[in-house]
Structures are given as C-alpha cells and as structure tokens.
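From first to last, the protein sequence lines stand for chains U and E. Heads up: take any position in the first sequence, counting from 1, add 6, and you land on the working numbering. Heads up: take any position in the second sequence, counting from 1, add 6, and you land on the working numbering.
No wet-lab data here; the hints were simulated from the structure. Treat the hints loosely; a few may be bogus.
Since the list gives no way to pick one copy over another, a pair counts as held whenever it fits inside one copy or between any two copies.
Below, a list of computed lysine to any residue pairs in the SDA-like style, where the Cα atoms sit at most 25 Å apart [as the list claims (entries may be wrong)]: (1) Lys101 <-> Val38; (2) Lys101 <-> Tyr83; (3) Lys105 <-> Tyr60; (4) Lys31 <-> Pro147; (5) Lys105 <-> Gln62; (6) Lys85 <-> His51; (7) Lys42 <-> Ile102; (8) Lys115 <-> Asn155; (9) Lys90 <-> Asn14; (10) Lys85 <-> Pro147; (11) Lys54 <-> Leu152; (12) Lys42 <-> Lys115; (13) Lys100 <-> Val38; (14) Lys85 <-> Arg46; (15) Lys54 <-> His156; (16) Lys54 <-> Asp108; (17) Lys54 <-> Asn155; (18) Lys105 <-> Asn61; (19) Lys90 <-> Val151; (20) Lys90 <-> Ser40; (21) Lys54 <-> Val171; (22) Lys90 <-> Arg46.
Bear in mind the structure is a predicted one, so any value in this text is a computation, not a measurement.
Number of protein chains: 2
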Amino acid sequence: MGFTSITNLDIHDIARLSKTFELGKFFVVSPVESQKEHARAIVDHWTKGFGSTYNQFRREAFEKVEIIDTLEDCVSYIKNTTGKEPVIIGTAAKKIFNKIIDYSDVCDKMLSAGFPVLVVFGTGWGLHEEAAEKCHYFLEPIEGVLDYNHLSVRSAVTITVDRIVRKLLYKER
Amino acid sequence: MGFTSITNLDIHDIARLSKTFELGKFFVVSPVESQKEHARAIVDHWTKGFGSTYNQFRREAFEKVEIIDTLEDCVSYIKNTTGKEPVIIGTAAKKIFNKIIDYSDVCDKMLSAGFPVLVVFGTGWGLHEEAAEKCHYFLEPIEGVLDYNHLSVRSAVTITVDRIVRKLLYKER
C-alpha cells in the first residue's frame, strides 16, 4: 500500500485483516522519514513493547506489517522471500487505467498459478502516477449501487481482500 | 449498530459505505448523552455546517446516519418509514449464539421477500446481552483462513455489507 499519510487506524485495521485472511505481508510504503518513524513506533509497541504481552492478537496482526520506502523495495522483499517476481496490481475508484482485470483473473491466472501478487492502494487522492506506472494490471473498481463510490481506503482494502480470498477458497464469481 | 464508544472514523467509514451501497440508514446507537453529542457534532458538521458545502460527497454519506438511543428506537424508525417490522440480525466473531443464518438467507428469505433487515454490530467486546436478546437471528461469523479472526468493527461491517449486497445484486453464493 502507498500512503499519502499514515494513520494509526489504517495500520491497525489492515494488520488485523491481513492476519485474519493470512496475507503474506502488509507493506506500509512511505519515503517520508517522519511517517515511517510514526508507523514503526506503532508496530514496535505491539510486536516488541508493552502491547506484545498485553494483547497477543494485536502482536500476531502487527507481525504482518513491513514498513518500507518504495514500491521497488516491496518487489525486492517478495522476490527475496518467495524467489518469484510478483504481479503488481493497482487499484482505483474509477476506470482511469487500462489493463483492467477482475477478481477471477487474480485467483485463476495469478495466485492459483503460483505467482505472488502485490495489490497497491493509495490513500487520499489515489495512486501516485509513479506507482501507477509500475503496475502490470489494475483491478476493476469497487462499484457502488448507484454512481456514488467514495469508500475509505480501509473499506476498499477490506472489500478487495475479502473478495479475492473468497474467490480463492470457494471459487465464487 | 451498537457502540461501546463511538469513534469519528467509525462514523466516517460506515457512512461512506452506507451511501456507496445505498443502505436505508446507518443507525449509531448509544444511550450515553456525551457520545451522542459527539456523534451529532460530526454529522452536523458534514450535513449542515461548513463541511456540507466543502465536500458534497461527505454530505451525501452523512445523510445516511441517524443517531439514536436504543435498538427499539431503530425498530420504530424502520416501522414508521417502511410500514414494516424489520428482521433484527445480530453479529458475532464466534458462533456463540443459536439461530445462525447465512448471507443467502438474508437475501432470499428476507430482503428479496420485502422485509427490512436491521443488522446489529457491537464495538469493543461485541453485542451487549440485552441487544443480543432482541435479535431474531445471527449471521454466520466471518471466518479467517486459520483460526484467527480479530477484525475491527469497521472491517466486519464492510465485509458483511459487501457480501449481502453482492448476493442481492449478482446472486453469488
């Protein structure tokens, strides 16, 4: 994930989601040193500090988090740990990009075929242009019932992960 | 929804979700006056105050929010606006209740049959016993891939709404 600004609750919510659905990692990406320090303080509190003995469920969740400088560093991390090049999939609230794929493609053509997948979300105003250029594909946007779709990044991440995992586990449409 | 404590972000995230998926209403339920005042200040800012002209998307989202004292008041509100008694459906992270139903039941037997549905979530330690006693049914818990399922209430609400709406719109399993 790329962040315009990292909030405490983004990290908490998405770490817990990542552990519940056993994602490989949840990368918090920011080149800004103060933001990374802030994120690192939260993660350290729950994995090493007082929080780690106070609440083991939070500790397990926060062990999924890696704080990292750039999208390239995420790719290197995945290559080093899995030995494979990840497919980078961008997200956006509207169809502003080409190369749109759906959740079935992610499961059938990528995950089930053994490729690691890195799904990238931006906070605030969506994905930075530089990050978008590095994406191989883009996920179809989460559509609202009418034409309103202004979900928080936390909600968008939650829905995307649930849809992919359910498709992978239960072969839903 | 029942809240042990109402956070700003709970209201923001779930209001935007409610508007995106065109739910009837998002009820913030608390009998505690200071909590209700806090919630009302947030909602008024975005529907009547500076925020309403500053960001129309937030205004539309916050128009879905009703701040209300008790679960009975939600039921009365729904009866008054729809002329029908709602089915009250509780939620929990574990199967601690009887009368468990799944997402298909909610769609096929209730929503598609014209019954309004009130899905109740608790923050903190789950549903209060008094609220649980008023539920006609309970939704199957959101299961993790292993046995860890410690989602935030924001994530649990998001997943539940997305699953129900997708089933309703696309007849997914």
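When the hints from earlier in the document are held up against this structure, which numbers fail?
1, 2, 3, 5, 6, 7, 8, 9, 10, 12, 13, 16, 18, 20, 21, 22
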